[in-house]
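S.K.: Let's have the full structure, built from the sequences with the hints guiding it.
Protein chains: 2
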Amino acid sequence: MSEQLLLSNIRNVLARLEETIIFELIERAQFKRNDIIYQTEAFGSVLGGESLVGFHLLEIEKVHARIRRYTSPDEHPFFADLPEPVLPALYYADNPLQPNSININNLIRDIYETEIIPYICLEGDDKQYGSSSMCDVTCLQALSKRIHYGKFVAESKFRSNPTGCRRLCAAGDQAGLMEEITDPEVEDRVLERVAFKAETYCRELSMEGAGPKIDPGIIVDIYRQWIIPLNKEVQVEYILNCFSTSG
Amino acid sequence: MSEQLLLSNIRNVLARLEETIIFELIERAQFKRNDIIYQTEAFGSVLGGESLVGFHLLEIEKVHARIRRYTSPDEHPFFADLPEPVLPALYYADNPLQPNSININNLIRDIYETEIIPYICLEGDDKQYGSSSMCDVTCLQALSKRIHYGKFVAESKFRSNPTGCRRLCAAGDQAGLMEEITDPEVEDRVLERVAFKAETYCRELSMEGAGPKIDPGIIVDIYRQWIIPLNKEVQVEYILNCFSTSG
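Taken in sequence, the protein lines are chains A and B.
Sequential numbering from 1 applies to the first sequence in my numbering.
Sequential numbering from 1 applies to the second sequence in my numbering.
Incorrect hints may have been included.
As the list claims (entries may be wrong) - Some, not all, of what chain A presents toward chain B, calculated at C-beta under 10 angstroms:
1) Glu19
2) Val46
3) Lys62
4) Leu107
5) Arg109
6) Ile111
7) Tyr129
8) Phe196
9) Glu204
For the record, the hints were derived by calculation from the structure and aren't laboratory data.
Quick caveat: nothing in here was measured; it's all calculated off a predicted structure.
Where a beta carbon is used, it is the ideal one built from N, C-alpha and C, also for glycine.
M.R.: Have a look at this one:
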């Protein structure tokens, strides 16, 4: 029923997410760093103790929860205690994943706010808080989906070598598992594709006098330094979590 | 303060919006038409009398209203009676527009749901209601911004020929105004650029085996048939509205 969950469809989904991530990072880089939007209480108590971006993300997640976004196995909320869906539940007959509750969104949000934003945006404050936060929320949601897609990748890798994976799990050999799931050639291809897309998009903007304020290489760095490693972290955690005990 | 509102920056903003519109239309075309998400009461009374897309759009607008999206002169909500912003008001010192309340979002939504969706999506129901609605909301918001940007374009055109425009206004000559603001060369360039971008993006997806389910020419048609004409409608309405009476 849901093509998005088929293991054979992983590359399709990742390719589409790539577009969103590249596009939103370049969009965000139009604006200054605007540190104030990541600071809790910066706007007083109206945001319920959250930062502006936190408040915005939570409110959007509440809406998405009601239209059952987080019942899908490829979606992970940043916040707990979201409202129940107003739509009847869907049964994901094609879900290939083992039951698990892996969710590294706190880490993703922390890295995004403290490492990625300072890396892509010029220092300073241009008052574009709403627009900046809009990019941040879209970007965080896409990053979360991209990184947690490691679960589907790991499931697929496990199925191609169940005996080897189970042995590494039994030995608690995290480094061995990391090696098992690592494919430097695939990583290089991802980085090349990201470079190509980021360059194409930046060139398109420049053609129209809308010169982007970011070097396409920066986007590639973000994939190399954070997105790919975090995705692999999810893969290892998934295999350890799901295939360690049962025989 | 806000570069986005400068008339010299119109092309930049329109170019960036183009990316979003092209991307989201292609995304939406992955899914079937899913007519049920546009029907009011299709899911019972839980959606407050709205369709799923209407409910989703309204709830998102409530969130965005609170972070003061609709206080910006380039943003237009689809719904009335949205909550007040929780952030202090921004003063848009650089706003070049005349005071006006032109908002054709009802028309945009109607055309999107009854013309554009049947044009880009295959008939049928694939149960991807949440994902479809996600594309719809992003797309509707981008279309609204793109089309209402006609106000900025019109302001700029008025400033380059105030006497001619005022004369046409005084005569109530809508057809003359339409001719005044029409530039077939610019329109052709927009259509060429849209074709180029849509082809590039569809090719990128195909490269990764994620073949899009839409022909890039369809996106060009949507610009030709609806986006450009609606944008020009806003331009004419703006000039008539803002420059008819005062001397």
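S.K.: A separate judgement is required for each hint: does it hold in the structure or not?
M.R.: Taking the hints in turn, this is what the structure says about them:
At about 6 angstroms, the closest approach between the beta carbon of glutamate 19 of chain A and any beta carbon in chain B falls short of 10 angstroms, and the interface hint on this residue holds. Checking valine 46 of chain A against chain B: minimum C-beta separation of about 4 angstroms stays under 10 angstroms; hint holds. Satisfaction of the interface hint for lysine 62 of chain A is found here, the shortest Cβ-Cβ separation to chain B being roughly 8 angstroms, below the 10 angstroms cut-off. The beta carbon of leucine 107 of chain A comes no nearer than 24 angstroms to any beta carbon in chain B, farther than 10 angstroms, and the hint placing it at the interface is violated.
For arginine 109 of chain A, the shortest C-beta to C-beta distance to chain B is roughly 18 angstroms, which exceeds 10 angstroms, and the interface hint is violated. The interface hint given for isoleucine 111 of chain A is violated, since its Cβ lies 23 angstroms from the closest Cβ of chain B, which is over the 10 angstroms cut-off. Interface restraint check: tyrosine 129 of chain A against chain B, minimum CB-CB distance 7 angstroms, threshold 10 angstroms, status holds. For phenylalanine 196 of chain A, the interface hint holds, since its Cβ comes within 10 angstroms of a Cβ in chain B; the closest pair sits about 8 angstroms apart.
With a cut of 10 angstroms, the hint placing glutamate 204 of chain A at the interface with chain B holds, because the nearest CB-to-CB distance is about 6 angstroms.
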